[in-house]
Structures are given as C-alpha cells and as structure tokens.
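Student: With the hints as constraints, model all of the structure from the sequences given.
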Amino acid sequence: MAKKFWLIKSEPDVFGFNDLAKCENQTEHWDGIRNYQARNFMRDEMQKGDLAIFYHSNAGPEVGAVGLAVVASEKAYPDHTQFDPKSKYFDAKSPEDNPRWLMVDFKWAAEFKRLVTLKELKEAPELEEMLVVKRGQRLSIQPVEKAHFKAVCKMGGMLVKELKALGV
DNA sequence: GCCAACGTTGGC
DNA sequence: GCCAACGTTGGC
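Using the working numbering, the first residue of the first sequence is number 1, and each one after it goes up by one.
These are calculated hints, taken from the structure and not from any lab test.
Being a predicted model, the structure only gives us computed values, none of them experimental.
Among the hints, erroneous ones may be present.
Each pair of labels, with its calculated beta carbon distance range [said to hold, decoys possible]:
1) Ala124 <-> Lys93: 39 to 47 Å
2) Leu139 <-> Asp13: 15 to 23 Å
3) Ser87 <-> Gly167: 29 to 37 Å
4) Lys122 <-> Ala92: 19 to 27 Å
5) Pro99 <-> Lys48: 14 to 22 Å
6) Lys119 <-> Pro99: 33 to 41 Å
7) Lys22 <-> Leu159: 23 to 31 Å
8) Ala2 <-> Leu139: 17 to 25 Å
9) Glu126 <-> Asp91: 36 to 44 Å
10) Tyr36 <-> Lys161: 21 to 29 Å
Each computed EDC-like pair below joins lysine to aspartate or glutamate, with the alpha-carbon atoms no more than 20 Å apart [to be verified]:
11) Lys88 <-> Asp31
12) Lys164 <-> Glu111
13) Lys88 <-> Glu28
14) Lys122 <-> Glu62
15) Lys113 <-> Glu162
16) Lys107 <-> Asp13
17) Lys154 <-> Glu11
18) Lys22 <-> Glu11
19) Lys3 <-> Glu45
20) Lys48 <-> Glu28
21) Lys75 <-> Asp31
22) Lys3 <-> Asp105
All C-beta atoms, glycine included, are put in the ideal place defined by N, C-alpha and C.
Tutor: Structure follows, in structure tokens:
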C-alpha cells in the first residue's frame, strides 16, 4: 500500500524533535492523543513506514515544521497512560477490555536544514489548502497531501535525493 | 497571559 | 437530539 503523509504536533517544551532524536533507537511511543479524529487516523489509516512532518506548536517565534519522523509500529495499540491514575492522560471512563485511546510509535527520520515557520507555511500559495495553516485547526495528527509534504520538505532544505532515500 | 476557535459533556 | 457550559489548544 502506498505511503501516507502526516503532520504531528508537539510542544517542544514538553517533547520536542530533539527529544525524539535522543530516545533509544530514536523511537518513542506517541502517547497522550485524546482526540477521536486523531485516534481514528492512527487506528484506520496509519501504517508502518508512513512519514510525518514534525511540527512544533506553542513555541513562540519557533512555531513550525522542524523535521520528519516515520511510523515505526506495525499499527496503533493501546495507550497505557489512559489507565494510569497518576498520568495527566488518565481516562477513568476508558474500559480496560476495550481501550478508548491508541498510539503508534514514531522514529526520528530527518532534520530540516532550517525551520519552516508557520508564517512561511501560510505565505506559500501552494500550501493554501494544507490543514495546518487553516484557522482554528487544532488536530494534533493531520493527514497531509503528498504534494504539500514535498513542498514543506523542500522549504526545509531537503534535497530530492534525500527524500527519495526515505521512499518519497 | 489573552482569547478565539474548537471538541466534549451532560441536562433536558 | 439540541445546545449551553466548560475545558483545551495554540497563535499571538
């Protein structure tokens, strides 16, 4: 099946792109997603090998796309933090035998040569239809069209051959 | 820190 | 099923 493309948001103060780079195997489970639409994307559409633009939100002047990550788990699986009363992501209403919240693993894939700010994304005419630039768009996991994905990577200074090496 | 936009909850 | 109230997101 063809690779799909995504954008994942994270607050750099909480868990930034560099934090992913420092993880064991540069891989981390993406816990804490508590939005049904985002969950459904992970559950129904994400596949191992899909590429995601890593986006820093709530980051002042540094808001924007910083690099790429790749889906590293075969599929979505239960997010353990929903059953942990000490976790801020605890969900008392999620049944243990039918977990409400899922997650996938992401692996660090490539760092952009330069930050692509939200401002630049908004100013690029070819990205007009991209979800992340739309007003009030809060989804933390968004599907991205291939053309948009490539355009953002290019703005980040990635070369065509570097993208090819990642299977794009 | 402000606040607009959005998603979820729960009373009815 | 409607919708007001509430909590959260995230740009600024």
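Student: Are the hints correct? Go through all of them and say.
Tutor: Okay, the hints, checked on the actual structure:
| no. | hint | verdict |
| --- | --- | --- |
| 1 | Ala124 <-> Lys93: 39 to 47 Å | 41 Å, holds |
| 2 | Leu139 <-> Asp13: 15 to 23 Å | 20 Å, holds |
| 3 | Ser87 <-> Gly167: 29 to 37 Å | 35 Å, holds |
| 4 | Lys122 <-> Ala92: 19 to 27 Å | 39 Å, violated |
| 5 | Pro99 <-> Lys48: 14 to 22 Å | 20 Å, holds |
| 6 | Lys119 <-> Pro99: 33 to 41 Å | 39 Å, holds |
| 7 | Lys22 <-> Leu159: 23 to 31 Å | 25 Å, holds |
| 8 | Ala2 <-> Leu139: 17 to 25 Å | 22 Å, holds |
| 9 | Glu126 <-> Asp91: 36 to 44 Å | 39 Å, holds |
| 10 | Tyr36 <-> Lys161: 21 to 29 Å | 39 Å, violated |
| 11 | Lys88 <-> Asp31 | 11 Å, holds |
| 12 | Lys164 <-> Glu111 | 15 Å, holds |
| 13 | Lys88 <-> Glu28 | 18 Å, holds |
| 14 | Lys122 <-> Glu62 | 14 Å, holds |
| 15 | Lys113 <-> Glu162 | 12 Å, holds |
| 16 | Lys107 <-> Asp13 | 19 Å, holds |
| 17 | Lys154 <-> Glu11 | 23 Å, violated |
| 18 | Lys22 <-> Glu11 | 16 Å, holds |
| 19 | Lys3 <-> Glu45 | 10 Å, holds |
| 20 | Lys48 <-> Glu28 | 14 Å, holds |
| 21 | Lys75 <-> Asp31 | 14 Å, holds |
| 22 | Lys3 <-> Asp105 | 16 Å, holds |
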